[in-house]
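Build out the structure end to end from the sequences listed, making use of the hints.
Take a look at the letters that make up each chain.
Number of protein chains: 2
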Amino acid sequence: METRITKIFHIDYPIIQAGMIWVSGWKLAVAVAKAGVLGLIGAGSMTPELLREHVRKAKAACPERSWGVNLPIFFKFADEMAEIILEEGVKIIFTSGGSPKKYTRRFKDAGMTVAHVTATPTLAVKCEEAGVDAVVVEGFEAGGHNGRDELTTMVLVPQAVDAVKIPVIAAGGIYDGRGMAAAMAMGADGVQIGTRFAATLESSAHENFKQAMMEASPTDTFLILRRLIPARVIVNEWAKTILAAEARGASEEVLINLIGEKRTQLGMFDGDLKHGEIQIGQAVGALKTIKPAGDVVREIVAQYAQSVKRLSEL
Amino acid sequence: METRITKIFHIDYPIIQAGMIWVSGWKLAVAVAKAGVLGLIGAGSMTPELLREHVRKAKAACPERSWGVNLPIFFKFADEMAEIILEEGVKIIFTSGGSPKKYTRRFKDAGMTVAHVTATPTLAVKCEEAGVDAVVVEGFEAGGHNGRDELTTMVLVPQAVDAVKIPVIAAGGIYDGRGMAAAMAMGADGVQIGTRFAATLESSAHENFKQAMMEASPTDTFLILRRLIPARVIVNEWAKTILAAEARGASEEVLINLIGEKRTQLGMFDGDLKHGEIQIGQAVGALKTIKPAGDVVREIVAQYAQSVKRLSEL
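Heads up: the sequence lines are chains A and B, in that order. Numbered according to our numbering, the first sequence terminates at residue 333, and the numbering increases by one at each position without gaps. Numbered according to our numbering, the second sequence terminates at residue 333, and the numbering increases by one at each position without gaps.
Calculated directly from the structure, the hints in this document are not laboratory data. Hints should not be assumed to be uniformly reliable.
If several chains are the same, the list does not tell them apart, and a pair holds so long as it fits within one copy or across any two.
To be verified - Cut-off 27 angstroms, straight-line C-alpha distance, at most; resulting in silico cross-link-like pairs (DSSO-like, lysine-lysine): (1) LYS293 to LYS184; (2) LYS328 to LYS120; (3) LYS26 to LYS328; (4) LYS328 to LYS307; (5) LYS307 to LYS184; (6) LYS307 to LYS46; (7) LYS26 to LYS307; (8) LYS78 to LYS281; (9) LYS145 to LYS307; (10) LYS259 to LYS46.
Here's what the structure looks like:
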């Protein structure tokens with residue numbers, strides 16, 4: 020398979036494993052890279068020194084294939100991490116959660132390939148203007164932090180494709196080869212998949228969280244903190260207190276207090292399914308198995324081919 | 020093109036023009052029927068006698084092609100309308116907004132083809148159990164009334180396809196041939212398209228509303244009344260008062276009072292863009308032209324073919 024995305028990232032299939040907090044360290048990124056797609060280390064839940072360690076481990080374990088780092092721009096360590104990423108000679112960076120202008124020039128000047136994650140067609144144009152090589156457009160169904168405008172992947176992808184000349188990577192709600200074919204049919208040059216890769220052997224999600232993914236029904240996630248900083252999570256005891264507070268019109272202060280400290284670590288890494296914040300996408304309800312990430316890649320690619328074949332025979 | 024949907028509805032292409040309030044009378048249904056797809060008269064904003072008139076006009080204007088009626092089960096006139104639909108010998112019915120058990124047996128016994136609109140994979144199974152011929156699964160991006168679980172088309176379609184044996188019709192956010200190809204790639208046997216057909220010459224939307232569709236940006240709709248009866252609308256002056264009331268935790272009573280009487284008629288049919296409720300899907304931001312509905316059908320079909328061709332050549 021060849022698209023602009025396979026070419027710019029030097030990968031066999033136009034699939035990107037999303038950089039996720041607590042879930043996607045060097046092991047997951049390297050596992051998918053070895054299967055011929057792009058793996059991303061999620062910096063958003065690391066300390067700067069831990070990120071350096073993960074980058075070095077990925078370099079040592081997988082010098083021959085493509086992997087990169089996802090850096091959330093609003094993160095308190097973002098500036099420090101940007102320096103580490105440059106120092107360590109990382110080749111591919113996905114930035115998210117802020118202006119694409121902030122780091123793009125710096126990373127491009129260092130010879131890196133840069134993508135930025137955004138959530139509207141208008142912001143996709145801003146990414147293009149900032150000089151990124153590709154733009155990820157992520158729909159409302161995606162896990163974790165989410166745009167305020169609630170555009171879904173289905174309406175976002177074709178409008179972004181019409182709005183920019185750079186390649187578009189579709190994200191949000193894609194969990195198998197059928198969803199990948201759907202995104203490519205809408206004109207995307209590649210797909211970014213998060214939730215499906217969170218439920219793999221190499222994911223660093225807590226075992227309790229992995230088990231919760233297997234048991235989740237299709238309607239078990241919801242977008243919380245819509246007026247503060249929207250995030251899609253599993254609706255557990257903690258999330259219900261947030262939703263109830265929002266329903267009665269709670270202030271920002273009250274909500275921030277309910278969030279408290281280290282809430283995502285508690286849920287996703289420490290495995291407290293009741294009181295932790297467990298960020299995951301709507302696709303979680305479709306997951307049935309935990310397996311090696313490389314097997315997931317191979318399954319998606321095989322099902323993609325079947326899906327395209329079915330379509331061309333209609 | 021042949022799918023289970025083209026076969027059961029005797030149409031040339033697996034496209035259904037959604038039954039919409041104030042927008043889709045007999046003229047729109049007949050216009051798309053003559054172009055080889057299924058047109059639906061939207062009963063939800065009519066009186067029983069007006070529905071009878073529309074059915075009779077469609078019968079007279081288009082005896083040779085497929086058209087039907089969409090009946091919202093929660094509508095105050097639903098029982099009376101069901102009798103009219105049976106009396107007038109309508110052949111195809113789409114029910115929505117209530118239990119598929121309510122009318123399916125009665126309509127099936129009369130020899131009709133029945134589809135039901137729903138919003139989760141679990142409810143799709145309930146539709147199958149109720150004996151419908153096909154199920155429409157409608158995502159969060161769709162206009163008008165909307166499921167409470169906020170599942171998007173992208174995650175809903177493949178999960179519904181896996182959950183039922185009857186054909187699945189994908190709805191929500193599909194506005195062109197690329198979206199149609201995407202839905203079919205995910206395993207749907209057909210698509211239901213609303214918003215795109217609201218912006219046609221034969222649509223009975225007020226001219227002001229049609230103009231507003233041309234001017235809408237991709238982020239101009241939002242889901243309001245999430246805890247009461249969710250509806251996707253254009254965010255105008257009236258919708259902003261609803262959103263503000265919801266943000267401060269307003270009671271049901273207060274919200275019902277803000278809705279008042281004849282709010283959708285005011286916006287969609289009388290053309291009061293400030294104070295009316297204007298139900299429409301997220302896809303509205305992508306619309307650029309108002310043209311004959313038959314031309315819209317032909318464009319979608321042509322672009323679908325291109326999209327499938329592109330995909331099979333990747």
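Hints, verified against the model:
Taking identical chains as interchangeable, the C-alpha atoms of LYS293 and LYS184 are never at most 27 angstroms apart, the minima being 45 angstroms within one chain and 36 angstroms between chains. Proximity of LYS328 and LYS120 under a CA criterion of 27 angstroms is satisfied in neither setting, with 41 angstroms inside one chain copy and 36 angstroms between copies. For the identical chains of this complex, LYS26 and LYS328 are neighbours both inside a copy (23 angstroms) and across copies (21 angstroms), given an alpha-carbon limit of 27 angstroms. When the C-alpha separation of LYS328 and LYS307 is checked against a cutoff of 27 angstroms, the pair qualifies only within one copy, where the shortest distance is 24 angstroms, while the shortest distance between copies is 32 angstroms.
Proximity of LYS307 and LYS184 under a CA criterion of 27 angstroms is satisfied inter-copy only: 19 angstroms between copies versus 37 angstroms inside one chain copy. Taking the shortest alpha-carbon separations for LYS307 and LYS46, only the intra-copy value of 22 angstroms comes in at or below 27 angstroms, while the best inter-copy value is 47 angstroms. Within a single copy, LYS26 and LYS307 get their C-alpha atoms no closer than 32 angstroms, and across copies no closer than 33 angstroms, so neither meets the 27 angstroms cut-off. Taking the shortest alpha-carbon separations for LYS78 and LYS281, neither the intra-copy value of 29 angstroms nor the inter-copy value of 64 angstroms comes in at or below 27 angstroms.
Taking the shortest Cα distances, LYS145 and LYS307 sit within 27 angstroms of each other only across copies (22 angstroms), while inside one copy they are farther apart (38 angstroms). Within a single copy, LYS259 and LYS46 get their C-alpha atoms no closer than 33 angstroms, and across copies no closer than 47 angstroms, so neither meets the 27 angstroms cut-off.
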